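Required output: the full structure, derived from the provided sequences and hints.
Number of protein chains: 2
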Amino acid sequence: MVTLLDVAASAGVSRSTVSLVINKSPLVKDETRQRVERAIQELGYVPNPNARGLVKKENKSLGVIIAIEDQPYNTYEFNYETGLYSYNITNGIPVGLANTDYGLLTERFCVSIQGKELPALVKNNRVDGIFLVGGLFTPELIERLKEKKIPIIAIGRYYDQIDSVSTDVTQGVYLGVRYLLDQGYRKICYINCPQIYRSNAERVAGVQKAMREFHLEMKPDWLVYCKHNTGEGGYEAIKRLWQSGARPQAIAAANEPIALGIMRFLYEQDIRIPEDIAIVSYEDSVLGGYAVPALTSVNIQKEYMGELAARIMLKRIRKGQEGELEHIIVEPNLVVRSSVGKC
Amino acid sequence: MVTLLDVAASAGVSRSTVSLVINKSPLVKDETRQRVERAIQELGYVPNPNARGLVKKENKSLGVIIAIEDQPYNTYEFNYETGLYSYNITNGIPVGLANTDYGLLTERFCVSIQGKELPALVKNNRVDGIFLVGGLFTPELIERLKEKKIPIIAIGRYYDQIDSVSTDVTQGVYLGVRYLLDQGYRKICYINCPQIYRSNAERVAGVQKAMREFHLEMKPDWLVYCKHNTGEGGYEAIKRLWQSGARPQAIAAANEPIALGIMRFLYEQDIRIPEDIAIVSYEDSVLGGYAVPALTSVNIQKEYMGELAARIMLKRIRKGQEGELEHIIVEPNLVVRSSVGKC
DNA sequence: CTGAAAGCGCTTACAG
DNA sequence: CTGAAAGCGCTTACAG
Chain A
1 MVTLLDVAAS AGVSRSTVSL VINKSPLVKD ETRQRVERAI QELGYVPNPN ARGLVKKENK
61 SLGVIIAIED QPYNTYEFNY ETGLYSYNIT NGIPVGLANT DYGLLTERFC VSIQGKELPA
121 LVKNNRVDGI FLVGGLFTPE LIERLKEKKI PIIAIGRYYD QIDSVSTDVT QGVYLGVRYL
181 LDQGYRKICY INCPQIYRSN AERVAGVQKA MREFHLEMKP DWLVYCKHNT GEGGYEAIKR
241 LWQSGARPQA IAAANEPIAL GIMRFLYEQD IRIPEDIAIV SYEDSVLGGY AVPALTSVNI
301 QKEYMGELAA RIMLKRIRKG QEGELEHIIV EPNLVVRSSV GKC
Chain B
1 MVTLLDVAAS AGVSRSTVSL VINKSPLVKD ETRQRVERAI QELGYVPNPN ARGLVKKENK
61 SLGVIIAIED QPYNTYEFNY ETGLYSYNIT NGIPVGLANT DYGLLTERFC VSIQGKELPA
121 LVKNNRVDGI FLVGGLFTPE LIERLKEKKI PIIAIGRYYD QIDSVSTDVT QGVYLGVRYL
181 LDQGYRKICY INCPQIYRSN AERVAGVQKA MREFHLEMKP DWLVYCKHNT GEGGYEAIKR
241 LWQSGARPQA IAAANEPIAL GIMRFLYEQD IRIPEDIAIV SYEDSVLGGY AVPALTSVNI
301 QKEYMGELAA RIMLKRIRKG QEGELEHIIV EPNLVVRSSV GKC
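For the record, the sequence lines run as chains A and B. Positions 1 to 343 (the UniProt record's numbering) are the ones given, in order, by the first sequence. Positions 1 to 343 (the UniProt record's numbering) are the ones given, in order, by the second sequence.
The set of hints was computed from the structure by calculation and includes no laboratory data. Fair warning: this is a prediction, and the values are worked out from it, not measured in the lab. Hints may contain errors.
Put simply, identical chains are the same to the list, so a pair is met inside one copy or across any two.
The calculated BS3-like cross-link candidates involving lysine-lysine, where the alpha carbons are at most 27 Å apart (straight line), are [said to hold, decoys possible]: (1) 342 / 60; (2) 319 / 57; (3) 60 / 149; (4) 227 / 29; (5) 148 / 56; (6) 123 / 24; (7) 148 / 60; (8) 60 / 146; (9) 123 / 57; (10) 24 / 116; (11) 227 / 149; (12) 123 / 56; (13) 187 / 342; (14) 315 / 239; (15) 24 / 57; (16) 123 / 60; (17) 227 / 56; (18) 29 / 56; (19) 342 / 116; (20) 315 / 148; (21) 149 / 239.
Here it is in structure tokens:
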């Protein structure tokens, strides 16, 4: 393995000089720098990350902590959550990290089971900062995380204790329902996430805001909650509604898994989308783009949230933990595909 | 920050002894060990990974190199690849790494653009070994990778130069087509991947094996290739076939994106699945489980391939690079859902 | 079974 | 602008 010393010898300078060159210090004479750079090239020298990390007290790695409900169970089935939400968010992070040499380490963390411990990545001091994805983190856990004194950025959900990048849920839901109304639909039902989610109130507010603009009231029975954030959850919810005799012209779903559950039920009843009934979804994912028919959905910009979070992280690392918390709200936007017609 | 020295002082031993305890050496007297362990507990000591890595010459990180066609472009649309293949494989790796303290770093690498360089993770010596996912790696690139002298395991595709975990494509495709035949379908068409894929021959072999068992011949016109591995690719392929007048009883698709493209075309024609036409897919993903109707598909066990690859990696790190290459073939299995009936 | 000492490959004041 | 020296926090022979 070629080290600093080899480069120094080859270039005829001291180790400090080589180090200064590597770290782009302006203190080195141009001619010396070039000589050193040539030696680095020739020898194929690469700085040892551990040696550097040891003295600079940094890992050049960031952690993504994904909150999960229980043990990760790999399945593609309709009655399981898809994991696409955290996957898409995580995909955006490297975009914001481009042109840095930060690596990204991922860990799934079950708050309910491992709640008393810390994620291994932070416990073992493997990372210089962490991203929290998912809404399952408790305030207590976040407090314990903060004791490690590394930057923490929440993605997808607002937490008042730390920096966050989240989405305007009310506005997003509003956009979807509003689009249905704009297209002439009036008899609209909303299939919401399971009751336990705190963001449900924001969703309902979005529905109501749109309805009121059209001087309509949401029928209380037409606001239903799924048991799970899965296809089956949506399927069962629409089935119950249908069996109660409800015949909406359009359905707004809280996310794609739920929307696809609804679509499956309708398919079984031989009800055509969008000819017989319209459906609009929220969140957006490959499930929406690939759905049959393609789902009109509100895109909450998951990748972009990840990217922005990465930028905040870099800033925190550079400037330190002091200063105002940042709470960025990303605007959702409607993606019109083929599941809504004209009423 | 608490260091080895603090623990040593607190426990009244030397640093070497603490180090031996941490590394579970049997050389330490039981009573001493307990004293040291108590001190570690009390002080909340965590070994510094960089210091340890520096002397042991290891990173305790592994890299996943995902081959991509061109720049990653984030979209959920029907005319883009989904990325689910590499995502699912990558998800399996941590399972095989459980109870070790290896972290997993991911890098997307565009062979055609960055072909002359090495992935940053390996160039900068950030990882102790790498997993190659995707079939786009060239033999030359692999040779250059091997010069780094770290273990390399290919997942999903066989390469003769390195360890690999892959799938029996012919058997998988056979399973799917065979199932159609078993259910009574005879007029079957096969929608294959784009021509450039080397695995296409294996797929065709699978189709033919099944057909011959039933004393049938594949009509050459009914074996068609998509332009892209996307929904649109499948959509356009089936459209061409349909417009040529072909009316198959059943369709076998080379993967879910293609299958969903086919399903979209059929939906537009108001052709019901499975009542009017059956469809079987291959690979399996959340796109299949959530499809409307749910897709019967051949599961190639992507997560399990990742898990096995991780185990091989651990073995290679322990035992070194010597010894026979391992080439594991994972058996595919049919997942019966709702897209195939009885003919 | 335990301790003193050298060394892993860097960076960073400090002189000059 | 450059070099000698100390130090980051560990592990590992080597004595004893």
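Outcome of the hint check:
When the C-alpha separation of residue 342 and residue 60 is checked against a cutoff of 27 Å, the pair qualifies neither within a copy, at 53 Å, nor between copies, at 57 Å. Proximity of residue 319 and residue 57 under a CA criterion of 27 Å is satisfied intra-copy only: 16 Å inside one chain copy versus 32 Å between copies. Taking the shortest alpha-carbon separations for residue 60 and residue 149, both the intra-copy value of 16 Å and the inter-copy value of 23 Å come in at or below 27 Å. Taking the shortest alpha-carbon separations for residue 227 and residue 29, neither the intra-copy value of 68 Å nor the inter-copy value of 56 Å comes in at or below 27 Å.
In this assembly of identical chains, the alpha carbons of residue 148 and residue 56 lie at most 27 Å apart whether taken from the same copy (17 Å) or from different copies (26 Å). When the C-alpha separation of residue 123 and residue 24 is checked against a cutoff of 27 Å, the pair qualifies only between copies, where the shortest distance is 19 Å, while the shortest distance within a copy is 33 Å. For the identical chains of this complex, residue 148 and residue 60 are neighbours both inside a copy (16 Å) and across copies (21 Å), given an alpha-carbon limit of 27 Å. In this assembly of identical chains, residue 60 and residue 146 lie within 27 Å of each other by CA distance both inside one copy and across copies; the values are 19 Å within and 25 Å between.
Taking the shortest Cα distances, residue 123 and residue 57 sit within 27 Å of each other both inside one copy (16 Å) and across copies (22 Å). In this assembly of identical chains, the alpha carbons of residue 24 and residue 116 lie at most 27 Å apart only when taken from different copies (25 Å versus 43 Å within one copy). Neither within a single protomer nor between protomers do residue 227 and residue 149 lie at most 27 Å apart by alpha-carbon distance, with minima of 38 Å and 51 Å respectively. Taking the closest pair of Cα atoms, residue 123 and residue 56 come within 27 Å of each other both inside a single copy (19 Å) and across two copies (21 Å).
In this assembly of identical chains, residue 187 and residue 342 lie within 27 Å of each other by CA distance solely inside one copy; the values are 13 Å within and 39 Å between copies. Proximity of residue 315 and residue 239 under a CA criterion of 27 Å is satisfied in neither setting, with 49 Å inside one chain copy and 51 Å between copies. Taking the closest pair of Cα atoms, residue 24 and residue 57 come within 27 Å of each other both inside a single copy (19 Å) and across two copies (26 Å). Proximity of residue 123 and residue 60 under a CA criterion of 27 Å is satisfied in both settings, with 16 Å inside one chain copy and 15 Å between copies.
When the C-alpha separation of residue 227 and residue 56 is checked against a cutoff of 27 Å, the pair qualifies neither within a copy, at 49 Å, nor between copies, at 51 Å. For a Cα distance limit of 27 Å, the shortest separation of residue 29 from residue 56 inside one copy, 24 Å, qualifies, whereas the shortest one across copies, 36 Å, does not. For the homomeric pair residue 342 and residue 116, neither the shortest alpha-carbon distance inside one copy (53 Å) nor that between copies (53 Å) is at most 27 Å. Taking CA atoms no more than 27 Å apart as the test, residue 315 paired with residue 148 passes inside one copy only; the shortest distance there is 18 Å, against 34 Å between copies.
Taking CA atoms no more than 27 Å apart as the test, residue 149 paired with residue 239 passes in neither setting, with 49 Å inside one copy and 58 Å between copies.
Going down the numbered hints, you'll see the structure goes against 1, 4, 11, 14, 17, 19, 21, while the others check out.
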